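Q: Residue 1 is where the sequence shown starts when you use my numbering, and the numbers rise one by one after that.
The set of hints was computed from the structure by calculation and includes no laboratory data.
Just so you know, these numbers come straight off a predicted model, no measurement behind them.
All residues carry an ideal CB built from backbone N, CA and C; glycine is no exception.
Check each hint, because a few of them may be wrong.
Here are the computed lysine-lysine pairs in the DSSO-like style, where the Cα-Cα straight-line distance is at most 27 Å [to be verified]: (1) Lys-190 x Lys-494; (2) Lys-435 x Lys-463; (3) Lys-75 x Lys-190.
Simulated restraints, written as ranges between beta carbons of each label pair [unchecked claim]: (4) Arg-657 x Arg-399: 51 to 61 Å; (5) Glu-330 x Asp-289: 30 to 40 Å; (6) Arg-399 x Thr-699: 35 to 45 Å; (7) Gly-375 x Ser-243: 52 to 62 Å; (8) Asn-446 x His-95: 36 to 46 Å; (9) Gly-375 x Pro-491: 45 to 55 Å.
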Amino acid sequence: MKSANSFWGRLITLFLLIGTFQSTAPLYAQSLPVWNTATRQDEPADWLVKPALEKAAIYQSADGKNIILYNGLLKRSFRITPNVACYDFINLQNHQQLLRSVKPEARIQVNGKSYNVGGLYGQKENAYLVPGQLDELKANDSDFKFSHYQVGPIKTIINWKSDGWWATNKKQAAGKTITFVYQSALHDLKGIVVSVHYNIYDGLPLVSKWVSVQNQSTGSITLGQVANEILGMVEEETAVVGSTTQMQPPRGIYFESNYAFNNAMRYILSDQTTHWKADPAYTSQVNYDYQTPCLLEVYPERVLGVQLRPGEDFTSIQTYELLMDSYDRERRGLAIRKMYRTIAPWVTANPIFMHLVSKSDDEVRGAIDQCAATGYEALIMSFGSQVNQEDTTMQNLNRWKVLADYAHGKNVKIGGYSLFSSRRISDSDDVIDPKTGKPGGALFGNAPCYGSKWGLGYRDKIKKFYATTGFDIWENDGPYPGDVCASTTHPGHKGLEDSQWQQMAIQKELYHWLNNRGVYINAPDWYFLDGTNKIAIGYREVNFSLSRGQQVILNRQNIFDGLWTEIPSMVWGFVPLTKYQGGGPEAVLEPLKDHLKDYKALMMQYYGVGVQACYRGPRLYDSPATKQTVTGVINWYKKYRDILNSDIIHLRRADGRDWDGIMHVNPQLPVKGLVMLYNPLKQKITRTIKVPLYYTGLTQSATFLEQGKSKINVKLNRDYTAKLTFTIDAESYTWFLVE
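Take these sequences, add in the hints, and give me the full structure.
A: Quick look at the structure:
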């Protein structure tokens, strides 16, 4: 009993200290190691070639005034007295300082009023900050003030069940988390606790940041806009005239948040949260009208009214901040791709699947048999097939459980397509246009609201279907765009101002639930950071009504363009085996045995880049020769699967005029690279090209093995390139291993 009383006594003392933090020194929850500049690596190895050995750590300065986040690749420092402010954010690869001034740590709106969280004031010159000036800066009594911090290992966001899926990474991200806790002395904010969280990651120059708000008061509050990041950044360029939209924002850092949508199939266009603004406090800037884009604020623009009842809490979006050391497009893309592999390992899963068009259960069984016979690992019932996941009658659930058990008995995963958006449900369940007060106004015209009675029921039906049938893959067609809804009667949201946020929360919860069950998710929008596995690579669907010859070239262009920031397993392509979006006999592959050359060409150029395509049709083969072709390609893909799912180096884009190709690189594998080269011309060609080998990790020499056999030994040039001469038959391809 004595130890228990002692524990509760210490806990009561802790709460009393927190409650009176304004009149005492900041309370620190844990002691930290003291920062020692001697531990810093002045010249870290290239983290895109050699794994960074230094682990993420969090330090305090010797005088206790500063907190330092460090992992050998970046350093981010905070002054914590008399309030918290980030004053140092440096890329240790090129020694670039990203910050010119201190700003609040966050900003929240409570009951219609804005309040800063953390922050220090009095910086006289906003073009740069001299560290010695930190002691002169003051806190503002109306801001949320720092109380204490907590440090621990990074916590898993999504409990991804990776068992049964082939993936290049099954490990969750590792590193350290620090949480700064704040409260306010204002009477109106009594009981409101704000926490600002930072993750710093092992192995890459990356931090992430988010904010949580706890309502420990006795009444409800309404949260408006929550800005989880505010940075006074060094400008990218200066100009006497020009606006924030005309001038380049800083390029030394890449921001990505888990709040992106609009069906663009690219994050930079889907982003809803990154706002580059002018900084009126920066009066010494070159721009005459003070319009340089050098103030970053991160917040979802349309989340303006989320109610928190007593005891409830709110968690903001999470923003990932990746430091860049180059303007080179390939290198920047490689950095983003490694970020995805690290923070969202589920995107590295890449099952070999068929997209089945079927009308009967016998056709499903036949397709499962063909998958098992050729080495395919999964079958997805395509749109237009007979699966209905909204039918949760026991008859339907039992029917599909029997088929799922049959697939699993053949070691084949099974899944199905389900449409959410682009459909009309009813006046009471559809998105309500705020302009007209009537159904409509969604990005695709009519769409259901996820917060409606139907939308909540849809979520529950999907859960029941997957929990009962044992299905492995969910192809979720929408919701794409973050539609807002002006309804005040939908049970899942209060009104227009919280409608987007609450709909996204419903969707994210479903994605997390499915991940916890090991379900793989295809979805046509940028929900990777909340658990989706794959998105379309980006293509125009009507192009699949063009001739097979046109499709071959266009698909290679789509592949080349779609893998600058995405890894192969994140995207899907499309190969319609039967008629799709129109077109005549020249557009389709059926009968497959009559078009084996085109069928194999399309398979090789997709599998050759590690991208799974939706082979949409009733079957994978229609003759022994077709079966042999399909099996041969799949066996080749599986043999070199590790390197084929590694990152892409872009060599030459397909233009139909000369050779084109790409190269996979992975310095951690025995096979360091794999080059895919194509000849679109109607005559044989011989070419000599320079192959960039820096990202293979090779430094002196390389061995090229054409078709994995004949060897060509070459010395690398000083720029890590090597000359390669090759010959390709007309309208054909070749490939080389690099060792």
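Q: Run through the hints listed earlier and report the numbers of any the structure violates, in increasing order.
A: 2, 3, 6, 8
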